[in-house]
Amino acid sequence: MVFPKGKIAVFVLGFALNTHAADLQQLIDDAAPGATVEIGPGVHSGGLLIEKPLTLVGLDMPRIDGGGLGHVIEIRADDVTIRGFEIAESGINLRSDHAGIHVTGDRTTIAGNRIIDCLHGIYLKKVVGVEVRGNEIHGKTTLPKDEAPEGLAVTIAADGTEMCALNINTRGNGIHLWNSRDCVIESNTITESRDGMYFSFTNETVVRANRISKVRYGLHYMYSDQNRFEGNSFSDNVSGAAIMYSKGLVVRGNRFSANHGSRAYGMLLNSVDNTLFEGNIMDSNTVGIFLENNNSNTFVGNRISNNYIGVRMNSSSYDNVFTGNHFGGNLHPVELGGQSETNRWALDGVGNRWDRASPVDLDGDGIGELPHREIDLLGELRRPMPAVGLLSGSPGLELLEFAHRHVELPRMHGIKDPAPLTPRPPKP
-5 MVFPKGKIAV
5 FVLGFALNTH
15 AADLQQLIDD
25 AAPGATVEIG
35 PGVHSGGLLI
45 EKPLTLVGLD
55 MPRIDGGGLG
65 HVIEIRADDV
75 TIRGFEIAES
85 GINLRSDHAG
95 IHVTGDRTTI
105 AGNRIIDCLH
115 GIYLKKVVGV
125 EVRGNEIHGK
135 TTLPKDEAPE
145 GLAVTIAADG
155 TEMCALNINT
165 RGNGIHLWNS
175 RDCVIESNTI
185 TESRDGMYFS
195 FTNETVVRAN
205 RISKVRYGLH
215 YMYSDQNRFE
225 GNSFSDNVSG
235 AAIMYSKGLV
245 VRGNRFSANH
255 GSRAYGMLLN
265 SVDNTLFEGN
275 IMDSNTVGIF
285 LENNNSNTFV
295 GNRISNNYIG
305 VRMNSSSYDN
315 VFTGNHFGGN
325 LHPVELGGQS
335 ETNRWALDGV
345 GNRWDRASPV
355 DLDGDGIGEL
365 PHREIDLLGE
375 LRRPMPAVGL
385 LSGSPGLELL
395 EFAHRHVELP
405 RMHGIKDPAP
415 LTPRPPKP
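Residue numbering for the sequence shown follows my numbering, beginning at -5 and increasing consecutively.
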């Protein structure tokens, strides 16, 4: 079939009943490069392969079902768009990276889809310029008993089917990026996967306004530089984010909340350098921010509140700056694993706001003239001897901490904020 120059071909496949993969695959194979293929409502078999520039549009959210085998949709060409589908039932082989949508083509757009019961939701491998926007991804949490590995607990579904629950560590990731760059991950909702987003060797990418909950790590991230994370929410996970071995990031305006467990963190930072953490909220976590071997980072204007421990920092972290942050309602605002004198708790004469501080502000500029100290009497003893934590809030500890905030005590681990902020900003 020949189309007029400059026109885009539109094919429509509409079925009220199930169709075989061959029907849809044939339509894809017959479409001209650059064509738009519209798929009508119904259930269509997956295992689709796209090897040319193409736009695939679902009308009324048709379902593409992989039947538990391989990738549901496999994109091997540049300039492909997938929009408006329910994509379900990929294979479950982690070694083969089975996914709802598996992408190796540049400039792919994946938008407005619902991806359910797939191992990985969206898997990006060695791509440039991919956009993933407005998708809903719900991970695979159960398998029929006859398809599940041995040893998994059996439950009975509403229809009487014997099902096995997948341990969170045996699931795939919501969005997985490997060896990619210049991508946009925006306004996606991810639940019940292993990790919400997984980054490895992925650079110069923007991650904005995503909502991630009920996963292991909301963001699992390593060896990835010059990325921006803005306005995302990581809540009710084992940990909000684990960011490791990376540099040059901007982490701004995100919320890390209600991440609970014996080793749960709002943000776990390991070997992160030259990064800006600005305007984030760390609320109601076991540990708000954990730092180990982090250097030359700036923490400005963050709200660290209602955590068991606000900031935990080991002595392996150097030259980090904390300014304009608010510490409120934390049982232990700062916990130190040793002392590092090079970290600063003020910048250009602006320190942080502490709910237990009473700054003397003689000139009314909102900055105290006398330093504020936070002591950590228990420190690393909380790890090998959890019972020590029962002393938290006891009168004896409160008295020692009160004394240290006013007079520096020798051989006590603690931090000194030379310019603490008053409880309320000064009036203009």
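There could be a bad hint or two in this list.
Claimed, not checked - Derived lysine-lysine pairs resembling DSBU-like cross-links, with alpha carbons at most 30 Å apart: (1) K241 with K139; (2) K241 with K208; (3) K208 with K120; (4) K139 with K208; (5) K241 with K410; (6) K46 with K119.
Said to hold, decoys possible - FRET-style restraints, in silico, Cβ to Cβ: (7) V178 with Y312: 15 to 25 Å; (8) G154 with V37: 40 to 50 Å; (9) D357 with A105: 51 to 61 Å; (10) G323 with V37: 33 to 43 Å.
Source of the hints: derived by calculation from the structure; they are not laboratory data. We put the CB at the ideal spot given by N, CA and C, even for glycine.
A quick look at each hint next to the structure:
1. K241 with K139: violated (44 Å)
2. K241 with K208: holds (27 Å)
3. K208 with K120: With Cα atoms ~28 Å apart, K208 and K120 stay inside 30 Å; holds.
4. K139 with K208: Distance of about 24 Å is within 30 Å: holds.
5. K241 with K410: holds (27 Å)
6. K46 with K119: holds (17 Å)
7. V178 with Y312: 15 to 25 Å: violated (34 Å)
8. G154 with V37: 40 to 50 Å: Given range 40 to 50 Å: violated, Cβ gap about 22 Å.
9. D357 with A105: 51 to 61 Å: holds (54 Å)
10. G323 with V37: 33 to 43 Å: violated (50 Å)
Hint compliance for this structure: hints 1, 7, 8 and 10 are not met, and every other hint is.
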